[in-house]
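Q: Protein chains in written order, with our numbering: chain A, 59 to 271; chain B, 1291 to 1478.
Bear in mind the hints are in silico, worked out from the structure with no lab data behind them. Each hint can be trusted.
Simulated crosslink set (DMTMM-like; lysine to aspartate or glutamate; CA at most 20 Å straight-line): (1) A:Lys184 x B:Asp1382; (2) A:Lys135 x B:Asp1314; (3) B:Lys1365 x B:Asp1393.
Residues from chain A that keep clear of chain B, each with C-beta distances beyond 10 Å, as calculated: (4) His164; (5) Val168; (6) Ser179; (7) Val196.
A few chain A residues facing chain B, derived, Cβ under 10 Å: (8) Leu119; (9) Ala143; (10) Pro150; (11) Ala154; (12) Gln180.
Built from N, CA and C at the ideal position, the CB exists for glycine as well.
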Amino acid sequence: MTITHHPGDELLLSYALGASSEPVSLLIAAHLSFCATCRAAVRDMEAGGGALLSDIEPAALNPHALQSVLARLDEEKPEPVRPAAVAGDVPPVLRAYVGNEFAKAHWLKVAPGLAHLPLLSQDGTKARLIRAQPGAVVSTHSHRGEEWTLVLTGSYRDETGTYRPGDVQSTTPEIFHRPVADNGPVCINLAVTDAPLVFKDLLPSIIGKLFGF
Amino acid sequence: MERPLQEDAARLNGLVRAVGQSADRAAFTQLFDHFAPRVKGYLMRLGASAAVAEDLAQDVMLTLWRKAVQFDPAKASASTWVFTIARNLRIDAIRKERRPELDADDPTLAPVHERSSDENLDWAKAEERLRRALVRLPREQARVIELSFLADKPHSAIAAELGLPLGTVKSRIRLAMAQLRNALGERS
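Can you make the complete structure from the sequences, with help from the hints?
A: Okay, here's the thing in structure tokens:
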């Protein structure tokens, strides 16, 4: 499987350093389960985090901290053994949100051939699954903020190209597109949208400029 | 600032293994002295109060004790491993979020084709090369990397803080990452 559309260094770096929100982290982690190249990149970025931690200005702990931690060591239980993997077609990293099988999830119909499954929402950033039957069309649209779409099964195409399992399409507000699910397996995507309203409260003018409002 | 040498990275790896293999409290004490103040400093730079950072730094050390048996120096240096523990506990405790993360041992993961020489990569040495490369980065690239590390914000907010277009921040990240990867790629 060849992945041609990657999330890009800035999203990988946010994930590796712990700055990305949970919906974005979910998208990145799910992409990583398809993409060995980006997994290696995240590992390198974490090594950068380790190097920066080595050089950070230390902050002295409470004088009794070591004694109190040593006293607690005996209470620490060893890590539980991971349960054996259960069968299912959902990538393991998504199972806490979706369940083990796509077919058993509580899909909501939105249009002919189209259904969605909201997963989580956080400060206006939302993650959901979109399921498109072969030939299903999402009408021409643009986005108020950024949107990232990761293909989990099947494939779709739009004005910018074809997207297959593991590919991430990044769209910005200036892009209008009309995605169509290809013939073949049903197309299931993980879509994360980043609504600009969240940023408006914090940084209205600059974000407004960035997003062209 | 104190700049421990590569031998220190190897020494720290050995200490974590001693904790994992024989629950060595003397080794744990040395790890505590090295890492706990750095983790507390990191958390405070990210905006945690001294009290919260103190509690979390202690929790990070307890997690280190519990998970030391899983530490694999072929995958990461001790410092990188502790960094990931601190990162995840902070997300859990301060942001009250889950951290979606892969199980590295999941057999369904696509195998690594690129840089399979990683299996032989000495991460303690790699960390030292990385630190030298971080120091050599042009100032504007180093700033973006530092802010990524020390700001709990998306890059759009970092761009705003620096008064730069997001595209400029993204291109600086790409340039900086290319140099850091080169540094990691110099196998010795």
